[in-house]
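Per my numbering: the sequence shown = residues 771 to 1680.
No more than 20 Å apart at the CA atoms, straight line, and that leaves these computed lysine to aspartate or glutamate pairs for DMTMM-like:
#1 K800 - E849
#2 K1210 - E1177
#3 K898 - D1192
#4 K1268 - D1278
Here are the in silico distance ranges between beta carbons for each label pair:
#5 K800 - F1416: 29 to 35 Å
#6 W1463 - Y1546: 15 to 21 Å
#7 Q1270 - K1378: 55 to 61 Å
Hints in this document: simulated from the structure, not taken from any laboratory.
Owing to the predicted nature of the structure, the values given are computational and were not obtained by experimental measurement.
Every residue gets a Cβ at the ideal spot worked out from N, C-alpha and C, and that includes glycine.
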Amino acid sequence: MNNPISTYRIQFHKNFTFPDFEQLIPYLDKLGVKTIYASPIFEAVPGSLHGYDAVNLHRINPEIGTEAQLTAISRQLTERGISWLQDIVPNHMAFHPNNAWLMDVLEKGQRSFYASFFDIDWTNPQQKGRLMVPFLGASLEEVIEKGELAVAYQNQRFVLTNQDAAYPLHLRSYSTILQASTGKTNKLFQPILELVQELDSIADTKTYAVGCAELQEKLASILTESRDQNYLESCLEVVNTSPALLQQLADEQAYRLCYYGETDQQINYRRFFTVNALICLNIQDPVVFEQVHQYTKQLLELGVFQGLRVDHIDGLYDPDTYLDRLRKLAGEDTYIVVEKILEQGEELPQYWPIQGATGYQYLALLNNLLTQTRSQQTFTQFYRELLGEKKNVHWELRDKKATILYEHMRGELDNLYRFFLDLNLIDRNQPETIPPDTLKTAIGEFLIQCPVYRYYGNHLPLGESEAEAVENLLDKINTSKPELAAAIGLLKEALLTKPQSGGQAYNDRAARFYQRCMQFTGPLMAKGVEDTLMYTYNRFIGHDEVGDSPEFFGLTVDEFHQKMIDRQMNWPLALNATSTHDTKRGEDVRSRLNVLTDLAEEWVEEVKVWQQLNQAGEAPDRNDEYFIYQTLVGAYPMPGQQETDFSDRLAEYLEKALREAKRYTTHANPNEAYEEAAKAFARTLLNQKRPFWKRFQAFHQRITDFGIINSLAQVVLKCTCPGLPDVYQGSELWDLSLVDPDNRRPVDYDQRQQWLDELVATDSNDLWSELWTNRYDARIKLWLLYTLLTERSQQPELFEKGHYIPLAIEGTYSQHVLAFARQYQQRWCVVAVPLGLASVCQEQQTDIVSLDWKDTRLILPDNAPADWSHQLIDAQGKAEKSMAIGDLFSFLPLAVVRLGQSVASEVAVG
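I would like the entire structure built from these sequences, with the hints used as guidance.
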């Protein structure tokens, strides 16, 4: 198995291409990066800045480069010992005219070879066998009336055009168009019409496709003569000036053009979450799987890819089978991780043939480790007083998911209800005793109250633990919604009781319904929690983060140790992420916010003063005002590192955050008055002539250094805990970004490369002192990351296979240090970082460098070597069963120490 050692995420797009990346290879190599972790690189919607909207999975995106450029880069990386981890997207593609597979479906309907590729419900009674195309800005009738729909002849075929989109017409429409000018067909076009009639009776998809292509080529040949072209133009003029003909043509297609807002209430294709422009694939179909992964397989075999990252595994119908097939396709040596968000107490299925997940669970664990649990009550009580109400986060969570389901995914729920009935899972007479809305609501609650993104059972009866989880879920609904008891009883009977004695045919049908439900629990969790609740429940926004939860407020050192022991045992090669393209806040924003939990009472009193100074008025309300204060504290630039665009960035962020919250404004129906009031309030806060600014600046400077130590501790732990350190592009310096698009801004690699070159060339024993003195410029983080990635590269087996050994801490500040050892054979590494440093410095009324750790000591295992060498500063020694924290933290409270007889003579890096 390929060990990636460390990963560095790169976002490719038209403004950052393969040639741009090629210039970075020497820098990333020097930094110590061993694997490039690439965003999707297959052809996407023109202008896409993320690549998750593919239109052609068999071609490199021409906006970022060519296959030849990619293979040349691959050779360079191989020479440097750097591998490539590729992000792939098996769940969906773009619903876009450039998607040839999908356009073939629009043109040919169910006679398209690709009709089964996409997750389309052709039997949906509302759509009458036609695929919804929900991209009009108004109803079809209004669009025609405004002259925004037209027929054109493009690329040898007739299309319906609206705005910049062009959708192919079915062959049956060719007759209408070619007879529009005179009411009868020009004799030159008569063979075309006869061929249309002949093809209409052909059911075989391949024969029909060949016939269509021949017809279109023949039409193109006829139109090469100018007089025939003129005839066509006259036909098109008649059609495009006749609303009735345009309506007729639109109505006879295999698709239905409609207003984009209709999908809130009805739909007949599966989307990625609630995004109309992303249509999902039937990746469970072996033919579809093979076609989707054909080019990926080729690039694996060419040695261009050494690893795969699977996007949105929870969207797939059968993740278990998919991963088995992917492993078979990729081979045993290919590194595979999945994007998976785990809820509290949930574990990744250990039978999956992968190396782990992409790091959101690790991010959450680390974030909670740096949160002081003792402050939970202070934060909760203040938040209740602030709002004048007792917000129950559990019910808030349920309500947000319900809002998404009933206001934005009603069509998906209707489809599931109809699917349940069509599968004949219960006695035919039973539904008659229960009102349809009651059974539908019960199915809805099953989706809403599912406590995890999804379950993975792919056959019934379910395994013991999953069956118990489903039964507990249904019982919970019964308790909270007793009026649904009869309907819940039907679901329990269908999914749990009857499968115990049902035949294979019944169990297969029941499994289809169950697995279908599981494809929608994830979108509800993502849209209800990540994209709604995390912008409305603002008790402490540091935990409003992907992978984390607004419900959480820290974990103990012992709990963290146990999670790391389990991680090393089960997933030693999973990613340790701290920032990603999807995180709500940059890693250093969270690190600074966590300081607030060290100083909870002081923070609460400070906010009360701010409220008095600012008097927000009606907008923003108190909840949003508190959100803005926390955002400002977390994301404001380092002292002396002013950003001229911060005010604009904050305003853009607030607009998105307020719309995601869906309280006063939404993306679909913006309340510009409220948004502008909130933005104006935020701009006022940045007015340095106002009294608030002095208060804010003093508080900001008070906590910033503690946030920096949290950030550096985060780097240390990411690089030394079980798992692989993952660096999001640019975050080797301070990452004070907010949610996308803010976290996808251009990275200044020239500055990073210059600084790294200077640091590596420096021959100074006072480097760490100089870096701390100038800590706000971020070179200290860059140097620490370089040092630790170098350590990982020098000792890959220690960090891949080494035991994780929690180390006891004794003495006055034992509660403020986390320490552990990594041990493999004769190699040892001891790691120690501080916790809750702000409260210790407050107690001693001193700064970080001058802190006295008194009698606090780290206890070594009996079999640990005595000789030690600090890898961050120039310090060595001999330990007698313990090590004084004051010695390890002699300059900065961070320690990475090698143990062993040979280390005393080694020169520490830096």
